[in-house]
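There are 2 protein chains.
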Amino acid sequence: MPDSPVPPDPPPYFRAHVFVCCNRRPDGHRRGSCAARGSEKLRDYMKVRAKELGLAGVRINQAGCLDRCEFGPALVIYPEGIWYRPETPADIDEILETHLRGGGRVRRLMLTETDVVPKG
Amino acid sequence: MPDSPVPPDPPPYFRAHVFVCCNRRPDGHRRGSCAARGSEKLRDYMKVRAKELGLAGVRINQAGCLDRCEFGPALVIYPEGIWYRPETPADIDEILETHLRGGGRVRRLMLTETDVVPKG
Numbered sequence: 133m134p135d136s137p138v139p140p141d142p143p144p145y146f147r148a149h150v151f152v153c154c155n156r157r158p159d160g161h162r163r164g165s166c167a168a169r170g171s172e173k174l175r176d177y178m179k180v181r182a183k184e185l186g187l188a189g190v191r192i193n194q195a196g197c198l199d200r201c202e203f204g205p206a207l208v209i210y211p212e213g214i215w216y217r218p219e220t221p222a223d224i225d226e227i228l229e230t231h232l233r234g235g236g237r238v239r240r241l242m243l244t245e246t247d248v249v250p251k252g
Numbered sequence: 133m134p135d136s137p138v139p140p141d142p143p144p145y146f147r148a149h150v151f152v153c154c155n156r157r158p159d160g161h162r163r164g165s166c167a168a169r170g171s172e173k174l175r176d177y178m179k180v181r182a183k184e185l186g187l188a189g190v191r192i193n194q195a196g197c198l199d200r201c202e203f204g205p206a207l208v209i210y211p212e213g214i215w216y217r218p219e220t221p222a223d224i225d226e227i228l229e230t231h232l233r234g235g236g237r238v239r240r241l242m243l244t245e246t247d248v249v250p251k252g
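From first to last, the protein sequence lines stand for chains A and B.
Numbered per our numbering, the first sequence finishes at 252, counting up by one with no gaps.
Numbered per our numbering, the second sequence finishes at 252, counting up by one with no gaps.
Treat the hints as calculated values from the structure; they're not laboratory data.
You may find that some hints are simply not true.
In silico DSBU-like pairs for lysine-lysine, Cα to Cα no more than 35 Å straight-line [said to hold, decoys possible]:
#, chain 1, residue 1, chain 2, residue 2
1, A, 173, A, 183
2, A, 179, A, 251
3, A, 183, B, 179
4, B, 173, A, 173
5, B, 251, B, 173
6, A, 179, B, 173
7, A, 251, B, 251
8, B, 173, A, 183
Per label pair, the in silico range of CB-to-CB distance [claimed, not checked]:
#, chain 1, residue 1, chain 2, residue 2, range
9, A, 220, B, 143, 24 to 30 Å
10, A, 185, B, 235, 17 to 23 Å
11, B, 234, A, 143, 40 to 46 Å
12, A, 220, B, 251, 34 to 40 Å
13, B, 251, A, 158, 14 to 20 Å
14, B, 143, A, 185, 27 to 33 Å
C-beta: ideal position from N, C-alpha, C; glycine also.
Assemble the whole structure, with the sequences as input and the hints as a guide.
Right, here's the structure in full:
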């Protein structure tokens with residue numbers, strides 16, 4: 133007898149789901165932290181601007197430690213799994229316009245496979 | 133002249149990235165909230181169990197409000213974008229084993245496109 137067919141996955145709930153690391157470690161921690169590098173203000177700005185731009189199906193969330201602290205402030209956009217290191221509101225604007233509105237990439241701000249956290 | 137080729141995206145940094153909504157609203161809020169429905173304990177349990185299971189490339193994070201409060205406690209797994217509503221540690225175990233270790237789906241716990249937040 134044939135197996136039952138596997139049902140398809142539901143359609144994506146959000147077209148793009150952004151997670152901004154807002155983890156904060158104590159001052160002077162060896163790894164630093166995204167919040168210590170200013171991620172909370174960037175998150176707030178990104179939420180406001182995404183709403184102003186009326187980007188349908190885009191959700192901006194804060195998240196706990198994404199474990200790329202050394203390369204923060206870090207954010208990741210799913211489902212495509214692209215990571216960025218924005219440092220200014222202008223960087224956030226460029227990610228919103230180029231990536232989230234246009235479907236492109238902001239190469240100069242992307243983390244890549246060479247941005248690896250040192251062991252130990 | 134041909135356009136420059138578009139560079140490929142970097143490989144995924146995590147094989148599976150789980151976000152557990154830990155938003156908490158005041159008691160009695162009309163929408164409720166995932167933390168009020170017990171998500172923080174489920175997040176803690178999931179982090180511990182994922183580590184015990186030694187699931188390589190799997191990251192468990194908390195997140196701010198994922199905006200499916202009525203169907204919480206909510207979590208989402210990317211890049212596949214599958215949403216679950218776990219209510220017990222046993223539900224978490226099943227998601228870890230079936231989805232994150234086995235690549236399958238726990239249909240009975242999945243949110244689907246019919247789980248839509250009421251307007252207004």
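The hints, checked one at a time:
1. A/173 x A/183: 16 Å, holds
2. A/179 x A/251: 34 Å, holds
3. A/183 x B/179: Roughly 32 Å between the alpha carbons, so the hint for residue 183 of chain A and residue 179 of chain B holds.
4. B/173 x A/173: This hinted pair holds, its Cα atoms lying about 28 Å apart.
5. B/251 x B/173: 29 Å, holds
6. A/179 x B/173: Answer holds: residue 179 of chain A to residue 173 of chain B is near 28 Å, not above 35 Å.
7. A/251 x B/251: Distance ~48 Å between residue 251 of chain A and residue 251 of chain B Cα, so the pair is violated.
8. B/173 x A/183: Since the Cα atoms of residue 173 of chain B and residue 183 of chain A sit roughly 32 Å apart, the hinted pair holds (cutoff 35 Å).
9. A/220 x B/143: 24 to 30 Å: The hint (24 to 30 Å, Cβ to Cβ) holds, given that residue 220 of chain A and residue 143 of chain B are roughly 28 Å apart.
10. A/185 x B/235: 17 to 23 Å: For residue 235 of chain B against residue 185 of chain A, whose Cβ atoms are near 36 Å apart, the range 17 to 23 Å is violated.
11. B/234 x A/143: 40 to 46 Å: 23 Å, violated
12. A/220 x B/251: 34 to 40 Å: Between residue 220 of chain A and residue 251 of chain B, where Cβ atoms are some 36 Å apart, the hint holds.
13. B/251 x A/158: 14 to 20 Å: Taking Cβ atoms as reference, residue 251 of chain B and residue 158 of chain A lie about 43 Å apart, which means the hint is violated.
14. B/143 x A/185: 27 to 33 Å: 30 Å, holds
The structure is inconsistent with the numbered hints 7, 10, 11 and 13, although it conforms to all the rest.
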